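**Q** Could you put the whole structure together from the sequences, leaning on the hints where they help?
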Amino acid sequence: MMRKLYLSSTVMFWIAVAALWGTADAPSKPAIASPPPAEQPAPSGRYTTRDVARHALPKDCWMIIRGEVYDLSSYIPDHPADPAVMLPWCGREASEAYRTKGTGRAHSAYADRQLARYRIGTLKAP
Numbered sequence: 707m708m709r710k711l712y713l714s715s716t717v718m719f720w721i722a723v724a725a726l727w728g729t730a731d732a733p734s735k736p737a738i739a740s741p742p743p744a745e746q747p748a749p750s751g752r753y754t755t756r757d758v759a760r761h762a763l764p765k766d767c768w769m770i771i772r773g774e775v776y777d778l779s780s781y782i783p784d785h786p787a788d789p790a791v792m793l794p795w796c797g798r799e800a801s802e803a804y805r806t807k808g809t810g811r812a813h814s815a816y817a818d819r820q821l822a823r824y825r826i827g828t829l830k831a832p
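Residue numbers (the numbering used here): 707 to 832.
None of these hints come from the bench; they were simulated from the model. If you're wondering where the values come from, they're calculated on a predicted model, not measured in any experiment. We treat Cβ as the ideally placed atom computed from N, Cα and C, and that holds for glycine. Mixed in with the good hints there might be a few duds.
Below, simulated DSBU-like cross-link-like pairs (lysine-lysine); rule was C-alpha separation at most 35 angstroms, straight line [stated by the list, open to error]:
{"hint": "1", "residue 1": "K710", "residue 2": "K765"}
{"hint": "2", "residue 1": "K830", "residue 2": "K807"}
{"hint": "3", "residue 1": "K807", "residue 2": "K765"}
Derived CB-CB ranges, DEER-like [stated by the list, open to error]:
{"hint": "4", "residue 1": "H785", "residue 2": "S714", "range": "50 to 56 angstroms"}
{"hint": "5", "residue 1": "V723", "residue 2": "L793", "range": "18 to 24 angstroms"}
{"hint": "6", "residue 1": "P783", "residue 2": "K830", "range": "25 to 31 angstroms"}
{"hint": "7", "residue 1": "A822", "residue 2": "R756", "range": "22 to 28 angstroms"}
{"hint": "8", "residue 1": "K765", "residue 2": "R825", "range": "49 to 55 angstroms"}
{"hint": "9", "residue 1": "K765", "residue 2": "L713", "range": "28 to 34 angstroms"}
{"hint": "10", "residue 1": "A790", "residue 2": "S714", "range": "55 to 61 angstroms"}
{"hint": "11", "residue 1": "D784", "residue 2": "M707", "range": "54 to 60 angstroms"}
**A** What follows is the structure in structure tokens.
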């Protein structure tokens, strides 16, 4: 009886392994292309304060920091402090808020390096 149980469980195990192994090599379905964002950044990478003001929502959040324009939409959920501290600055000039973190303390060099990844352009005169 034990021998039959052992053999049947071993066979079932190898069938499951073969099934998983076979699906791992199967070609994946083509990804469905997502629609483009409602408003694409201008190719020049130069934006006015009016351009930035159009991106004042948590899911579409641009900020001006030290004359540079950043799209921080994808970063908001990952912000180490409560992400809500960033939301009032979406679509606005936020240099002072970034410099002081609202508490008088500066962001770290690490934060500066991370911020650079979200830069999409520079500020231009209206």
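**Q** Hints first: check each against the structure and report whether it holds.
**A** These are the hints, each one checked on the structure:
At most 35 angstroms may separate the alpha-carbon atoms for a hinted pair to count; K710 and K765 exceed this at roughly 59 angstroms. With a C-alpha separation of about 25 angstroms, the suggested pairing of K830 with K807 holds against the 35 angstroms cut-off. Restraint check for K807 and K765: satisfied, since their Cα atoms lie roughly 21 angstroms apart, inside the 35 angstroms limit. Roughly 53 angstroms separates the CB atoms of H785 and S714, a value that falls within the hinted 50 to 56 angstroms.
Judged by the Cβ atoms, the range 18 to 24 angstroms given for V723 and L793 is violated: they are separated by roughly 49 angstroms. The hint said 25 to 31 angstroms for the Cβ distance between P783 and K830, and at roughly 30 angstroms that hint holds. At about 24 angstroms, the CB distance of A822 to R756 agrees with the hint of 22 to 28 angstroms. The hint said 49 to 55 angstroms for the Cβ distance between K765 and R825, and at roughly 19 angstroms that hint is violated.
As the Cβ distance of K765 to L713 is approximately 56 angstroms, the hint placing it in 28 to 34 angstroms is violated. Hint check: A790 to S714, Cβ distance near 57 angstroms, so the stated range 55 to 61 angstroms holds. In this structure, D784 and M707 meet the distance hint of 54 to 60 angstroms, their C-beta atoms being roughly 56 angstroms apart.
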